[in-house]
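J.: Same order as they appear, the protein sequences are chains S and F.
In terms of the numbering used here, the numbers along the first sequence are unbroken and rise by one, the last being 133.
In terms of the numbering used here, the numbers along the second sequence are unbroken and rise by one, the last being 128.
Heads up, none of these hints are tricks.
Straight-line alpha carbon distances no greater than 30 angstroms define the calculated DSSO-like cross-link-like pairs of lysine-lysine that follow: (1) F:Lys60 - F:Lys120; (2) S:Lys77 - F:Lys89; (3) S:Lys98 - F:Lys60; (4) F:Lys55 - S:Lys98.
Please keep in mind that the hints were generated in silico from the structure rather than gathered at the bench.
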Amino acid sequence: GAGVSQSPRYKVAKRGQDVALRCDPISGHVSLFWYQQALGQGPEFLTYFQNEAQLDKSGLPSDRFFAERPEGSVSTLKIQRTQQEDSAVYLCASSLELNHEQFFGPGTRLTVL
Amino acid sequence: GENVEQHPSTLSVQEGDSAVIKCTYSDSASNYFPWYKQELGKRPQLIIDIRSNVGEKKDQRIAVTLNKTAKHFSLHITETQPEDSAVYFCAASGNNRLAFGKGNQVVVIP
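Using the sequences and the hints given, assemble the complete structure.
T.: See below:
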C-alpha cells in the first residue's frame, strides 16, 4: 500500500517568506508526528496529533511554527517569516496507535536563503 | 525531557564481522525503544524495536538488548554486508514522543 507522502520534496524560500509543508499519512493511521532533522543530526520532535487533536506541541521552536490536521488525516506544517536557521529536512511520520512503529515520509528539504 | 546518547559516532567494520552500537537514555519512564536505519537522502526506516518488558529481541542478523537498570540498549548486527552501510538512530519513548540519538555512521568495508 501507499506509504507516508510529503510535498513538496524541496522548497527554497527567501528569508521572511511563509511556507506550508504537507503530509499525507498512511490511511487509517491515527497518530501523526512532525520532526525537524538538521544535517548530520537525528530527527528532533516538533509536534504530534491523535486524529485531529494536537496533543503535544512542545517541540515547536517558536511561535512562527504552526501545525494543523483539521480532519484527522492530512496535516500541514506552516512556518511564518522563515529564518535561515529553519533550513532543515522536515519529516512527517504516522503510526496506527501511539507508541507503535512510526512510518516516515521522505521529508521536505527546506532551504532558507 | 528524555535525552538519548549514542556511541560511537562512526563505526567501520570488515564485511562479515559484527557491529555493535550502544545507546543510553535518561528517563526511566521510557518503555519503547526503536532503531531506525537511514541511507543518504532517504527516509528513516524501522529495523527493530523493543519494549521495556523484554530484555532481548532478534530478527535474523539483527538483535537488540535492553538493560533497564542501567538505562542502556544496544543494536547488534552480525555477518555485516555492504548494504548495511548507513546511519543508524536509536530512540526512546515514554510519553508518546520519540527522542532520537544523534546517529551512528556504520561503514562496512568489502
